[in-house]
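So you can see what is in the structure, the chains are spelled out below.
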Amino acid sequence: MKQYFREWSVAVSLVVLLLALAALAPEFFKPNQLIAILTTAAPVLIAACGMSLVITCRHIDISIGSQFALCSILAGLAAGAEWPMAAVAGVAILSGATFGAFNGVMVAGLGLPSIVVTLATMVTWRELLRWWREGAFVRDLPRDFQWFGLTQAAGQALLLATAATVFLLVVFAMKHLSGGRFVYAVGSDAEAARLAGIRPRLVTFCVFVLMGTFTGLAALLNAIRFPDVDPKTGQGLELQVIAAAVVGGVAISGGRGKLWGVLAGVLLLSCIAPALVFLKAPPQWEKAIQGSIILLAVAADGWRSAKEGSRT
Amino acid sequence: MTMHAPLLQVNNVIKNFGAVRALRGVSLSLCAGEVHALLGENGAGKSTLIKLITGAHQPDGGDIAIGGHVEHRLTPASAHALGVAAIYQQPALFPDLSVAENIALGLERPRPARRVRWGERRSRARDLLQRIGAHIDPDAEVRRLSMPEQQLVEIARALGAGARIMIMDEPTASLTQQEVQLLFGVIRELRSHAVGVIYISHRLDEIFAIADRVTVLRDGESVGSHPVSAVGETDLIKLMVGREISTIFRPSERPPGAAVLSLSGVGCRASGVHDVTLHVRSGEVLGVAGLVGAGRTELARILFGITPADAGEIVLDGVPLVIRSPRDALAAGIGYLPEDRRRHGVILELPVAANITLAILPRLFPRSWLRFSTERQVASEYCRDLAVKTTTVDAPTHSLSGGNQQKVALARWLATKPRVLILDEPTQGVDIGAKAEIHRIIRHLAASGLAVLMISSDLPEVLGMSDRIAVMRGGTVVAMSDAADATAHLVMAAALGQATTQGAA
Amino acid sequence: MSRLHTVARRASEGIVRAINVARRFELYRSEPLLAIVLLVEVLIFSRTGANFATTGNAFEILRLSTEIGLLALVMTPIILTGGIDLSVGSLLGLCAILFGKLWRDAELSPWIAATCTLAIGAAGGGLNALLITRLRLPPLIVTLGSFSLFRGLAEAITRGVDNFTGFPESFLFLGEGAQVPIFAAVAVGVWLMVHRTTFGRAFRAIGFSPEGARYAGIPVERRLTLAYVFAGAVAALAALIYVARVGQAKADAGTGYELLAITAVVLGGASIFGGTGTVHGTLLGVVVLAVLKVGLTLSDQPSELAGILTGALLLVVLSGEAVARLFSERLGRAKIARP
Amino acid sequence: MKTTLKISVALCVLFAGCGPAETKTPVLQGSSASAGSSSSKTAGKQLTIALMPKSKGNAYFISCKKGADEAAKELGVKLLWDGPTEPDPAKQNEIVETWITRGVDVIAVAVENRGGISTALRKARQKGIKVITWDADAEPDARDFLVNQATPEGIGYLLMDEAAKVLEGKGQFAIITASLTAANMIEWQKNIEARRAEKYPDVAMAVLRPCDDLKDKAFNEATAIMNAHPDVKLLMAICSPAVPGAAEAVKQSGRTDVKVLGLGLPNDNKRYVHDGITTGVILWKTIDLGYLTIYAAHAVGNGSLQPGADSFKAGRLGNVTIRGDNILLGEPFVFTKENIDQFDF
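Residue numbers (the working numbering), protein chains in the order written: chain A, 1 to 312; chain B, 1 to 505; chain C, 1 to 339; chain D, 1 to 345.
Calculated from the structure, these hints are not laboratory results. In this text the structure is predicted, and so the values were computed from the model without any measurement. Just so it is clear, CB atoms sit at the ideal spot from N, CA and C, and this is done for glycine as well. Honestly, I wouldn't trust all of these hints.
[As the list claims (entries may be wrong)] Across the chosen pairs, the derived CB separations fall in these ranges:
1. C:Val323 with B:Glu381: 35 to 45 Å
2. C:Val180 with D:Asp231: 51 to 61 Å
3. C:Ala53 with D:Gly128: 17 to 27 Å
[Stated by the list, open to error] Each computed EDC-like pair below joins lysine to aspartate or glutamate, with the alpha-carbon atoms no more than 16 Å apart:
4. A:Lys30 with D:Asp231
5. B:Lys417 with B:Asp317
6. D:Lys65 with D:Asp82
7. D:Lys127 with D:Glu97
8. D:Lys170 with D:Asp231
9. B:Lys51 with B:Asp63
10. A:Lys175 with B:Glu120
11. D:Lys337 with D:Glu162
12. D:Lys190 with D:Asp161
13. D:Lys66 with A:Glu134
14. B:Lys417 with B:Glu381
15. D:Lys123 with D:Glu139
16. D:Lys337 with D:Asp275
17. D:Lys66 with D:Asp82
18. D:Lys65 with D:Asp344
19. A:Lys280 with D:Asp231
20. D:Lys251 with A:Asp228
21. D:Lys170 with D:Glu139
22. D:Lys170 with D:Asp202
23. A:Lys175 with B:Asp139
24. D:Lys123 with C:Glu169
25. B:Lys238 with B:Asp219
26. D:Lys165 with D:Asp202
27. B:Lys417 with B:Asp328
28. B:Lys51 with A:Glu191
29. D:Lys127 with C:Glu176
30. D:Lys65 with A:Glu134
31. B:Lys238 with B:Glu221
32. D:Lys199 with D:Asp161
33. B:Lys238 with B:Asp431
34. D:Lys123 with C:Glu176
35. D:Lys127 with D:Asp144
36. D:Lys251 with D:Asp275
Given these sequences and hints, build the entire structure.
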């Protein structure tokens, strides 16, 4: 029980926040507000699933913010060129996978440290997008872009359903598919994995491609919520997603971490901003609170394992 | 036992790493149901040969035939499929995953899309562990297992893989005598199932006990394969070292001086050590024998301040000490050559000179300004004394052989001019030639008045080197005796907890 | 014909000699490679950029890159120990705000307020050090948390709206040119600390093997605390220089500076896993990035191109090194020994 | 062998990297009227005007640039267009300092924050570079003229009057701004509050929230405000991305009683104005603002416009009045359902 300490501490703090809101600002729980929070959190959850894979494999990807923006713009342009929505979805997901593959080749192929590679690709892709689009929105998209042409309610339902399915698929794969277990194995000890016949570099490459694919899907699902595409979308996504994964219990040293904790982490961090509005707290405290939540969650876990003197 | 077609045929294999020619031409044949010992000094190419057979590396010359069929592109996956299994000294396990999963990942063919059946994995792990008599919980995280337990998990995994060729690289390095007998039982069982076992060890007594044939490697070449019955211990050593080895141990001549370090009731709840009372006199080697897990390394860690004591009193030269960190121990004049040389003993990436002066930086450079000339001078002085074979003191430590790395670690602690030197398995994983040199150095240190506390699982070494022997079990000292009237049997009996006639000194 | 022969022979001898020189001066490591990249940059920009190759501009480049240079300098020992510090940029912003508040609301003289700010910066570094050493937490996560905590505190203290300007001329002089000698002094200090003192040797030992260092009696916690507290103090110094240069203290000061500092350190040849890396390499990295940014602006190129080229340069230098290492292994040469 | 390999790899990147600087120079500077090599100090007395927006990514400033290009072509001046991609005062300073080193004739800056930029602008003037500000002002002593699309009072009062009209004189409204630290937004908020206190006592501001110039964030803030403050009937968005963001939030919330009003470009908001969610968008003809700024810069650059003048001829805009050191584009304009289709920017 005790090694799930961090997952439980996140779930507990989420419940505490919701109780406080129920007491102080019950209208927080109006369906319209909850749906808004969930539809905003859904793309972040999909990206967080990808990030959990990357971190469990003992790597990190801070370029997903730029990938997210590029995939959104490419999807918008495809829709603007009257492509059918299926093709637009394909463009978003495939371009994500391609960006992921680029990171994968540098990290798995050349063995470069993932934080440095994704730092470089984050800056390069973001500035490339600005140089190319010079900040222009993608406008006048056909009717069937927003919510895939469905009604708003149906669109939101589809978005939430997709996020839930992806989440459950990843939970299932990480627990019950050999491929998922390989990610844990490579994250735990890459050399032992190699000797057991698993190919660690291939697993690492696939993990980065999956990260890109999930980011592309998240970008698509976020873009269809609006009639036009803002090139500055996805700013700060990587920090939000890494924080959610870490607060949710994924060990940065790889090999450990449960996805349910990540779900609680995403929901907790997504509720802070709206909660501040409802609690009528001054707006400028949001970033300070987010920072202290990350520090508290990590410190609590560190203090517990230090006290227990676990032999890691 | 009929010797039908050889399971494994290695002929004239060559392998280079950069400019280093690791293997110059090795031939070896392994038949079904045979235990074939592989003997050789460190750096003779044993582990490189294993890596070739398991497909971790590809040979640059010669070829390897498994089951009579020559394999060209041997990879870990294809070797695995052909029934080759290896148990390494550093267990190739997944610390964060459960025992059952560790075993399963070794057995199942790596197909990503297959469903994992947890129930089946757990039951298969349980019965494999039972077969080798290891009672380990399949759901425990490997991270929390002791070293010998991890080794048994690896053996269970190899067994489960239905390996036809089982390679064991120094499996008994950290096992107790009891666990060694258990392992020999498993090996005999494998032999009866026509499995070929390649057994690598430095302990000649083990080779004579278990092996059918022995091949000796020297400097990357196989210099002879003989049935064990047709060859004696000294012949093997001569083949291995290619030169005469004088008797390994020489008893000390000088009577020991006054007590330097004395412990009374020392204990540390966290590491399971309790009320240890003993003393070490200057010029004396106090051997500390005992089974793995008896708390010997834990005691050393207490004395060196890594896990500070929370009971009892430590007195050095009459002065009571409170040691809360390695820095306090160092200041008090206690040196500690740790058990795990690669991780704690030396920092492989640093040059030899930096490693030697690492512990005495505050003394060598009080105003913390480094002067490379003094550092180089101190380092080369110690390299000369301990005969460390290195091109220059600026060479990175990872370019040295195991034996020389151990000497560099030893040099580091001698540089601190300690009053007491604690040695933890000083000659583990070191070849016979370097082992003899290290013993000579220890004898010389004791003779010059240093108090030495030597922890060792190598019984002949403990009996031969020590003036007095303390035996530990369950975290405390259970017996103490002079070397003269101690015998292997008595020490082992004390270690195992059978009734002993020896009164505590 | 024979003249052609002699020329060809002399040329091949030249190449062989160049390779030997390269190997003797260990040119395969990135500092020398970066020096060449810098040379090429200067050559190109002095042709395309207006007034690029003037001493005024050189001084300007140094003046504009002082803050990032200072952060990169103190990031070097941290990366040497195998750690990282994402919070220096936000700490710079927080220190700028607190300096403004101490000066305007607490009516302290700029210089007293400045010394207090340095102490506050050190305290910020101390928080990181406490969590990393006492609770043995990974530096990446601790500084990720303090990254948003410091930025959040800066925004909270000023309620976002408030900002501080109108500093006295004597203080603003710090941003007009006085910061270049300060930068040089800190650079020499850090170089000596890393390369010529026992602290530097301890950082490297901890980076290669934290347990090995502990077993050798090195006070690992104290050395790590020194690295992170020193980073906090210098981040505060950079904040003072930033406020003097921009003439104004605002909550979003220093945004993104930490990533630029890390880029400079890695470009300079330091390994992100710790152990290898030099201060002069980092300084070269800072100058290469600064010249790239200023050179491009002077050549009338949009500022995004600087971002693209920085990322591309980092990727190329790293993959170049990786390819060279793989290439040299395959050629049978000993592994590149990195002290 | 391996060292030469590495050096060649690095070189080709640098040439490739800077290659575009060579070949693409004309393209990138498509905005600049004259081609020719970049160091054009001596190429006849052709004026070089350096124009800087608050942030290049903002649609508002992109439309201003259209006007600036038009004017630059007419006057045959060399126009440099650069600025930070995010509203960032330190980057504005850096680019101005680099322009000083490069040597330009006139610098025109849309100021992110007043105190910061003034030190750099004073330095430019000491070097003999003419300085004017546009869209948002610096310290008066740091520039010759401010091309002011409309006074903060004009903008603040008009916003409040329109809001009061929508709320029919009573009720609550909320403001969504870009960032809490943007200088001109703080000015506008002060004037909105002054107008409200003076003329509309029973109209109250329930809450003010920042959206960091991001449409997605504005959407989330608007949704939260509508749910947290049910009796807020009007969302006043005073930065361009926030207006469509808030309107989309109202549309998706299904609330028919909440209206949106704000400062924004017609093109961004046509869809929502026609849906009746956004009652009106207040702005000025941004193309004319860019056009007028270049004309003013050109006039100041060649000395034809001296401080103290009360008007000057600005191409197709005819005679433009000057009040003190403010060159006034004219009064802000309200784009409503009726007239929004006539405009395309």
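So, going through the hints one by one against the coordinates:
Separated by about 42 Å at the C-beta atoms, Val323 of chain C and Glu381 of chain B satisfy the suggested range of 35 to 45 Å. Separation of Val180 of chain C from Asp231 of chain D is about 58 Å and conforms to the stated range, judged on CB atoms against 51 to 61 Å. As the Cβ distance of Ala53 of chain C to Gly128 of chain D is approximately 22 Å, the hint placing it in 17 to 27 Å holds. A threshold of 16 Å between alpha carbons decides the hint, and for Lys30 of chain A with Asp231 of chain D the separation of about 15 Å falls inside it, so the pair holds.
For the proposed pair Lys417 of chain B and Asp317 of chain B, the alpha carbon gap of about 15 Å is at most 16 Å, so the pair holds. Straight-line distance between C-alpha atoms of Lys65 of chain D and Asp82 of chain D comes to about 11 Å, which keeps the hinted pair within the 16 Å bound. Between Lys127 of chain D and Glu97 of chain D the CA atoms are separated by roughly 11 Å; this keeps the pair inside 16 Å, and the hint holds. For the hint linking Lys170 of chain D to Asp231 of chain D, the alpha-carbon distance of about 11 Å falls within 16 Å, and the restraint holds.
With a CA separation close to 14 Å, the supplied pair Lys51 of chain B and Asp63 of chain B stays within the 16 Å bound. Between Lys175 of chain A and Glu120 of chain B, the direct Cα distance comes to roughly 15 Å. Compliance with the 16 Å bound is thereby established for this hinted pair. For the given pair, Lys337 of chain D sits about 14 Å from Glu162 of chain D by alpha-carbon distance, which is consistent with the 16 Å threshold. Proximity of Lys190 of chain D to Asp161 of chain D is assessed by CA-CA distance (about 14 Å); at most 16 Å being required, the pair is judged to hold.
About 13 Å separates the Cα atoms of Lys66 of chain D and Glu134 of chain A, which keeps this hinted pair within 16 Å; it holds. For a cut-off of 16 Å, the pair hint linking Lys417 of chain B to Glu381 of chain B stands: about 14 Å separates their Cα positions. In summary, the hint linking Lys123 of chain D to Glu139 of chain D is supported, as the alpha carbons are separated by about 13 Å, within the 16 Å threshold. Annotation: proposed proximity of Lys337 of chain D to Asp275 of chain D holds, straight-line Cα distance about 9 Å (limit 16 Å).
Note on Lys66 of chain D and Asp82 of chain D: the hinted pairing holds, with a Cα-Cα distance of about 14 Å set against a maximum of 16 Å. Proposed proximity of Lys65 of chain D and Asp344 of chain D is supported: the alpha carbons are some 14 Å apart, at most 16 Å. At roughly 15 Å between alpha-carbon atoms, Lys280 of chain A and Asp231 of chain D fall within 16 Å of each other, so this suggested pair holds. With a C-alpha separation of about 14 Å, the suggested pair Lys251 of chain D and Asp228 of chain A falls inside the 16 Å cut-off, and the hint holds.
With a CA separation close to 38 Å, the supplied pair Lys170 of chain D and Glu139 of chain D exceeds the 16 Å bound. For a cut-off of 16 Å, the pair hint linking Lys170 of chain D to Asp202 of chain D stands: about 5 Å separates their Cα positions. Straight-line distance between C-alpha atoms of Lys175 of chain A and Asp139 of chain B comes to about 15 Å, which keeps the hinted pair within the 16 Å bound. Simply put, Lys123 of chain D and Glu169 of chain C have alpha-carbon atoms about 14 Å apart, close enough for the 16 Å limit, and the pair holds.
For a cut-off of 16 Å, the pair hint linking Lys238 of chain B to Asp219 of chain B stands: about 14 Å separates their Cα positions. A hinted pair counts as satisfied when its Cα atoms are at most 16 Å apart, and Lys165 of chain D with Asp202 of chain D qualifies at roughly 13 Å. Pair hint Lys417 of chain B plus Asp328 of chain B holds up; C-alpha atoms about 15 Å apart against a cutoff of 16 Å. Between the alpha carbons of Lys51 of chain B and Glu191 of chain A the distance comes to roughly 13 Å, so the proposed pair stays at or under 16 Å and holds.
Using a Cα cut-off of 16 Å, the hinted pair Lys127 of chain D and Glu176 of chain C holds, with the two alpha carbons roughly 15 Å apart. Of the supplied pair hints, the one linking Lys65 of chain D and Glu134 of chain A holds, its CA atoms being roughly 12 Å apart against a limit of 16 Å. This hinted pair checks out: Lys238 of chain B and Glu221 of chain B have alpha carbons roughly 15 Å apart, not beyond 16 Å. Taking the CA atoms of Lys199 of chain D and Asp161 of chain D, the gap is about 9 Å. The hint holds against a cut of 16 Å.
Proposed proximity of Lys238 of chain B and Asp431 of chain B is supported: the alpha carbons are some 13 Å apart, at most 16 Å. At most 16 Å may separate the alpha-carbon atoms for a hinted pair to count; Lys123 of chain D and Glu176 of chain C meet this at roughly 10 Å. The suggested pairing of Lys127 of chain D with Asp144 of chain D holds, with an alpha-carbon distance near 14 Å, which does not exceed 16 Å. The suggested pairing of Lys251 of chain D with Asp275 of chain D holds, with an alpha-carbon distance near 9 Å, which does not exceed 16 Å.
When each numbered hint is compared with the structure, a violation occurs for hint 21 only.
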